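If you're matching them up, the sequences are chains A and B in order. Counted the way our numbering counts, the first sequence spans residues 362 to 887. Counted the way our numbering counts, the second sequence spans residues 1469 to 1653.
Just so you know, the hints here were simulated from the structure itself, not pulled from any lab data. A few of these clues could be false.
Unchecked claim - Which residues of chain B face chain A? A few of them, derived with a C-beta cut under 8 Å, are:
| id | residue |
| --- | --- |
| 1 | Y1475 |
| 2 | Y1480 |
| 3 | I1481 |
| 4 | R1525 |
| 5 | I1527 |
| 6 | Y1535 |
| 7 | S1542 |
As the list claims (entries may be wrong) - Calculated pairs, DSS-like style, for lysine-lysine (alpha carbon to alpha carbon, straight line, at most 30 Å):
| id | chain 1 | residue 1 | chain 2 | residue 2 |
| --- | --- | --- | --- | --- |
| 8 | B | K1638 | B | K1615 |
| 9 | B | K1615 | A | K856 |
| 10 | A | K655 | B | K1526 |
| 11 | B | K1530 | A | K738 |
All values derive from a computational prediction rather than experimental measurement. The C-beta atom is built at its ideal place from N, Cα and C for all residues, glycine as well.
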Amino acid sequence: MNETKKIKRWGKARYGDGGPAVKIRTESNSFMALKTMIILFLVGVQIGIFVCFYVLLGLAFWIYLIISFCLSFLTCLYCLSSPKNGLSKSVWILVLLLGFSFGFILYIRSDERFFFRGAKKRYAAIFNRTSKYDKAFFQPDSQQSVKRDCEYLYSAGNFAAYTDTSIKYFSSGTQLFDDVYDRIQSAEKFIFMEFFIIADGVLLDRIVNMLAQKAENGADVRIIYDDLGSHRVFSVKMKKRMKAAGIKVIHYNRLLPSFNIIQNYRDHRKIIIVDGKTAYTGGSNLADEYTNEKRMHGYWKDTGVRLDGGAVDAFTLMFLRQWEYVNRKQEDYSPFFNRFENDKTGGVVVPYADGPDYKNNIGKNVYENIISGANEKLWIMTPYFVPDDTVLGLIKNKAASGVDVRIILPDIPDKVFIYLVSRNNAEKLMESGVKIYCMRQSFVHSKICLSENCAAVSSVNFDLRSFYQQFECGVYTADGAALAEINKDFASTFKKCYIVDKQSAKRSKIGNRLLAGLMQLVAPLM
Amino acid sequence: MKETADYKNYDYIKVAVKEKRSKDLENMYSAFLWEQIECKEHNRYYDVLNYTFRRSRKIENKDELLYLQVTAESKFNEMDKRRYTKHAASTSLALYLSICAVALIGSGIAVLLLLSKIFYMVLGSLLIAGGVFASFLVFFLLPKLFKYENIRYQKLYIENQDKMKQIFLKVTELTGAADERNKEN
Chain A
362 MNETKKIKRW GKARYGDGGP AVKIRTESNS FMALKTMIIL FLVGVQIGIF VCFYVLLGLA
422 FWIYLIISFC LSFLTCLYCL SSPKNGLSKS VWILVLLLGF SFGFILYIRS DERFFFRGAK
482 KRYAAIFNRT SKYDKAFFQP DSQQSVKRDC EYLYSAGNFA AYTDTSIKYF SSGTQLFDDV
542 YDRIQSAEKF IFMEFFIIAD GVLLDRIVNM LAQKAENGAD VRIIYDDLGS HRVFSVKMKK
602 RMKAAGIKVI HYNRLLPSFN IIQNYRDHRK IIIVDGKTAY TGGSNLADEY TNEKRMHGYW
662 KDTGVRLDGG AVDAFTLMFL RQWEYVNRKQ EDYSPFFNRF ENDKTGGVVV PYADGPDYKN
722 NIGKNVYENI ISGANEKLWI MTPYFVPDDT VLGLIKNKAA SGVDVRIILP DIPDKVFIYL
782 VSRNNAEKLM ESGVKIYCMR QSFVHSKICL SENCAAVSSV NFDLRSFYQQ FECGVYTADG
842 AALAEINKDF ASTFKKCYIV DKQSAKRSKI GNRLLAGLMQ LVAPLM
Chain B
1469 MKETADYKNY DYIKVAVKEK RSKDLENMYS AFLWEQIECK EHNRYYDVLN YTFRRSRKIE
1529 NKDELLYLQV TAESKFNEMD KRRYTKHAAS TSLALYLSIC AVALIGSGIA VLLLLSKIFY
1589 MVLGSLLIAG GVFASFLVFF LLPKLFKYEN IRYQKLYIEN QDKMKQIFLK VTELTGAADE
1649 RNKEN
C-alpha cells in the first residue's frame, strides 16, 4: 500500500538544543507508564482510605483507641516472634506503635502467614507430589567448605550436587543470548523460559521468531513471565502473537491495584532450558538493554552461566513446579528428565532455587556460606547493596580479618533511591577495609559472589527483596574452569572501575545521606 | 530497513543522530565494525537522520568493543551537551543582573517621581545606585566569566578528544588483532 499521507514535520528535534546528538532506542512506552501511575495511585488511595478510616474511628470512639493500642501491642509481640529479619522487625514495631490505630491491620495485611497460606499449601502439595524427581544426596569429593555448602543446599531444599555437568560462564548478556540463540536453533523437544522481565524489542523479536519455528515443528515451548516486571514493557500484541504461534505464555502473579502482600511476591528467576540438555541462568532478562541493544543507564554489565549435563534436570524441575503452580494443572514430568548427555567434568555444580515456597532463605544463606568460607578473597558484583545486618556483619568481619573483600557496584543507577542506600551501605564497610568499586559509565546487573574456592552466579541481588520475598535461582559452583573465567571477568571489570575513596564518600551531599537513611527505614517494609 | 533482517548472522542497531553530526557518527560506527545499511530522514524532525547499521554477530572481543562503543557514544553526546551549555552560567547571570538593574532603576525613578518625602528620595536614589551597580557588574564581570567559560570549554573539549582518541586506539588494537588472527588462519 502506498504511503501517500504527508507527515507533518514538527521542526527541530525536541531532544536537541542541549540534548543528545545520538539516541539509541531509549524511547519508553508512555501508555504503559500511565498504567503504572494509575496502579500506584489506586494503591495509594486504598492506603489513604484505610488510614483515614481507622484514625476517624479512633477519634469518634475513644474506646477504639484503647482496643487498637492493645491490639497493636499484641501485634508487636507477634512480630517479635516472627521469622522476619531484625531490621524489618524494628521498623514494623516503630510503625505499630506510632500508628497504633491502624498499624495492626497494616501488619496483618502484610504478613504472609495470613495471606500467603493458601499459596504455600499449593506449593507444598506440588513439592510433595514431585519429590520423586529430586535427586538423591551426593557428597562430592572436594574441599571441606564446598562439601559443607553442598550439604546445606541439600538439607535446605533438596538441591543435589552434580559432577557430570559442564558449566560455561558468560561475562555479558550479549554472549549469553548469542549462545542461547544458537542453541535454540538445534532444539527439538521443548524449550522452557522463565523471566522477571520480558520486553518488546529486537532481542525478543529474534528469539520469538525462532521459538515460533520450533513450536510449529512440534516443540513444547513454554514461557513464564512476572506480571510486575513485564507489565510496562511486554505488550498484549506480542503476547497474542506468541500465543498464535503456539508458544504457551503465562504470567506469574497478576499485577492488581490492591494493597496486598501477595502483590509483593515476584518471580525474579531467569531460566532457559533447551531439550532437558542445556540450561541457562544468571542475571539477564529477555530485554534489549541486557544485550546493550538499547541504551539505558550506560553500558549494561550482566553475566550468566550455561549448564550441559545432569544439573539441567534441577532447573527443569524448578520450572515445571512453577508452571504447575501458575497453570493449576498437574502433569507427568518424566518425559522432561534424564535427557542429558553424560559429561564427566569433576567440577561441582549445584543449581538452587529460593522463594516463599521454601522455609529457609536459601539465596541469602548461600551468600553467607560463601562469605564465611572465604579465607583469601571475597569478590561481589551486585546492582543493589541493601543486605541485612547478618550479611553486613559477616562481610565486615572478613575484611577486618585480612580477606581481600571487593564489591563492584554500578556507576549509573537505575533506581536512584536504592542506589543511594546501596552506596551508603557500601561506604560504611570501607572502614573495615572493604574496597568499593564502581564500573565507569555502566550499570552492573550481575549478581556474583566469588571466593577462592567457589562462586554463586544467580538472580539473587544483595537486597532484602531477593533475600526474603522473591522467587530466585542460581548456580553454586566449585568448578575450576568456571572459577577461572569468573576471576578473569572480575579482573577485567576492575580495570574499568574507579575505587570509591573515603574522601569522596565523606563529601557526599548531606541531603543524599539523609535520604539514604530514610530509605533504609522503608526498605525492610517492602 | 528495505532488506529482511538476517538475525542469524548479523546484529543490528538503529541510531537517530543530528544531521550536522552524522559524518562523525558514521566514522565512529565504522571504527566499531558497523556497516551502514540505511539512512533516512526522521519522519518528524527535519534535522535528524535515522541510521541502521549491522555487524557480524560473531566477532572477536565483542564485549570489549561494546563497552568502548557505549563509552564513545556518551562522549559523543557529552560534547554536544557542553556546546549548548557552554555559556549557560554567564547567560543566566546576565539576564538576572539585567532584569535586576532595570527593576531597581525603574523602581528608583518611580519612587523619586511619585513620592516627595526625604526618606523616599533617599530610597529612590539608593535603588537607582543599586541598579547602576548591577549594570556595571554586567559590563565588567560578565566578559571575564564569558572568557572563563570559553577556557573551561576548550579544556573539556581537549579532554574529551583525548578520551575519544584513547578509545579509538583501543578499538584499533582490538579490531587489528582480530584482523591479524584472521589473516593467519
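Holds or violated: is there a CB of chain A closer than 8 Å to the CB of I1527(B)?
violated, 10 Å
Checklist line | Y1535(B) as chain A interface residue, shortest Cβ-Cβ below 8 Å | finding: holds, 5 Å
Holds or violated: is the Cβ of Y1475(B) closer than 8 Å to a Cβ in chain A? holds, 4 Å
So, Y1480(B) near chain A? Judge it on the closest CB pair being under 8 Å. Since the shortest Cβ distance to chain A is 7 Å, the answer is holds.
message = Can you verify the interface hint for R1525(B): is its Cβ closer than 8 Å to any Cβ in chain A?
response = R1525(B) check passes; min Cβ-Cβ to chain A is 6 Å, inside 8 Å.
Given I1481(B) as an interface hint, is its Cβ closer than 8 Å to any Cβ of chain A?
holds, 7 Å
Restraint satisfaction for S1542(B) [CB to CB of chain A, less than 8 Å]
Because about 6 Å separates S1542(B) from the closest Cβ in chain A, which is inside the 8 Å limit, the hint holds.
>> K1638(B) and K1615(B) were given as a pair; does the straight-line alpha-carbon distance stay at or below 30 Å?
In response: It is violated: about 35 Å lies between the C-alpha atoms, which goes past 30 Å.
Holds or violated: K1615(B) with K856(A), Cα cutoff 30 Å?
-> Not satisfied, since the Cα-Cα distance of roughly 37 Å exceeds 30 Å.
For K1530(B) and K738(A), compute the direct alpha-carbon distance and say whether it is at most 30 Å. holds, 29 Å
| Does K655(A) pair with K1526(B) here, judged by a C-alpha cut-off of 30 Å? | Judged against 30 Å, a Cα distance of about 19 Å means the pair holds.
Checked against the numbered hints listed earlier, the structure breaks hints 5, 8, 9; every other hint is satisfied.
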